[in-house]
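S.K.: Listed below are the residues making up each chain.
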Amino acid sequence: MSDSTVNTNGDYVNFYQYKGKHSGILGWLLSVDHKRIGLLYLGSMVLFFLVGMTLGFFMRLEMWNPGQDVMGPQTYNALFTLHGIIMIFLVIIPGIPAGFGNFFLPIQIGAEDVSFPRLNLLSWYLYTIGGLLAVASLFLSGGPIDTGWTFYAPYSLRTGTEVIMPLMAAFILGFSSILTGVNFVTTVHRLRAPGMTFFKMPLFIWALYSTAWIQIIGTPIIGITILLVIVERLFGVGLFDPAMGGDPILFQHLFWIYSHPAVYIMILPAMGVVSEIIPTFSRKTIFGYGAIAVSSIAIAFVGTLVWGHHMFTSGMSDESRWVYSFLTFIVALPSGVKIFNWVATMYKGSIKAETPFLYVMAFIFLFSIGGLTGLVLGSLATDVHLHDTYFVVAHFHYVMFGGTIFIFFAALHYWFPKMFGKMYNTKIANIALAIMVVGFNMLYFTFFILGYLGMPRRYYDYLPEFQGMHQFATVGSWVLIAGILLMFTNLFLGLKNGKKAGNNPWGGMTLEWTVPSPPPLLNFKKIPTVKYGPYEYEHYDEVTKNVN
Amino acid sequence: MSYTDTNEGKIAHAHDPRYGINVMIWITLLSLTVITIAVAGLDLGNYTLLVAMFIAAIKSGFVINYFMHIRFEDLLFKLFIAGVIMVLLVVFVLTALDVFLR
Ligand code: HEM
Ligand SMILES: [Cu+2]
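Keeping their order, the protein sequence lines are chains P and A.
Residue numbers for the first sequence, in this note's numbering: 1 to 548.
Residue numbers for the second sequence, in this note's numbering: 1 to 102.
Among the clues, some could well be false.
[Claimed, not checked] Selected chain A positions facing chain P (in silico; Cβ < 8 Å): (1) LEU89; (2) VAL91; (3) THR95; (4) LEU97; (5) ASP98.
[Said to hold, decoys possible] Stretch-level coverage of chain P by chain A, calculated; a stretch enters the list once three of its residues show a Cβ under 8 Å from a Cβ in chain A: (6) 39–46; (7) 286–297.
Bear in mind the hints are in silico, worked out from the structure with no lab data behind them.
For each residue, glycine too, the CB sits at the ideal point set by N, CA and C.
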């Protein structure tokens, strides 16, 4: 290996400074360096997140008074559909794996890059093309899609709005996701540093590995389903439309066979990040390493069998209803294993309550509420009452936003110094977190109550007795958004004028903390040989002795 | 498996061109397709689906083993494929639980 970590003067060169074939913007768009691709993903996702957030802001504005405020029903339908599509397909499904996974998976296993760097770049291009198609579909003659992000048949077959183009977008995004999955599975099997056995891998890697399998196995199913809808719309083939002898419930099966496992694509990587941050800030070996690693696989497996819990009220057979309800409860077991192990890790640790750790605490609080209300929805009897109400909207925002997105934020704060070599203002980051948590609960906890009282989801209008709570929730959305903007501004300022961060500001033990910040092009001067597990703090001095 | 132990050597000679056998399989696949279409014309009642799936399974077997080269690969790959097929089976059974009992 020619040494790309130093220049001719012998000074250390990081991957930003490294001069490849191309420079400037092309140096990014044509780079096959996993770190640059990870950052491309992160940038695009933050952008789409802000767009999705703005759509949410306008929806809440519309709910200030009953009746029409700032938009009519058709616009509201388009807004929640787009908000859902953007947040799901463009933000949290690629989310942590494509962004942080790309950047840190090779470094954490002691590799120079992923197995297929070009495929990696291709998957970012597919992602971008999918995103652009989704946006372009808004301007076609039919008008923006209004089916909800779930594209349920037969409505998606009959609506006059533009359906085919956003479906194509989702199809292409699926391919991007599959390619990332294939890349990660191969990389984990083939490129681990000498000495790094499977059970010495950081738990983030275990989580990415399980996720990659779901991406590979599940995503083709949504791809085929999407194609079937397109075929039916174009040629009237009668697959899902009951008027033509089709079966609309079959669409729901096919859709959720992918989309339920997709929620594990969203949450498993987040759980992996949590399993990194907690030991680092407790300065203690993680409690139950093997149990956490295996529970990721168990969640991935059992999680592929529970999709029917989205269909309790759809008219499927009674046998299916109790079977799916039962299977759903089983997923709670491996999830509980994780929560208890994290708490046990903190027990008697020497905890440093720094910014990333605080974000994780917010996650545990919000995600527990989301997860436990999931059990309420997973039980047959209560779901019949709560299905398609704001209770569901509250539940999935608690798990997806309070869960995955809060950990996305935590990961940003944890790895920021490593990715950029600079530090943000931690005090402001903590204040932003406090504001977000307050706004979040004002907005979404109110949704639980509204839903319990019978407020249906996906309506631009409501009965007058709900007004007080709707207004309270809308104010909450302003608080939440203020917190988010403060957080991003603070990170942006850190990026521009932050103090130089050391190579290991938090005292981490995984391999990324043993290389300089920002890392050099091929990550390591010399591929390391791994002797200890990732969180064995009794060997901290030995593992980090060469870090300055 | 370590960093240096890439499988390159093995993969290289697993790629012997076997045109003969590939063409044979291609013809088999085509004939199976013809059979599928022919069978669709018969009235087999409840067995229609089973027969169609059975033929499809044979075809996939050929494609996976020869065109996708799995026959000549490591045990690891075979285990992966077996695992995925198991998941697929369970998914079929769970869906059938609704479709046939509704
Ligand atoms: C940033 C602030 C956010 C606000 C103010 C917000 C607000 C809303 C509102 C008002 C709805 C529609 C409720 C209805 O009428 O049924 C909604 C739906 C939804 N939200 Fe959010 N949300 C936010 C963030 C997120 C995030 C981060 C995610 C996922 C990661 C997300 C995923 C969804 C999904 C999937 C839907 C359902 C769309 C549909 O019904 O098809 N939201 N959100
Ligand atoms: Cu589900």
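S.K.: Indicate, hint by hint, whether the structure satisfies it.
M.R.: These are the hints, each one checked on the structure:
no., hint, verdict
1, LEU89, "violated (12 Å)"
2, VAL91, "holds (6 Å)"
3, THR95, "holds (5 Å)"
4, LEU97, "holds (5 Å)"
5, ASP98, "holds (4 Å)"
6, 39–46, "violated (count 0)"
7, 286–297, "violated (count 0)"
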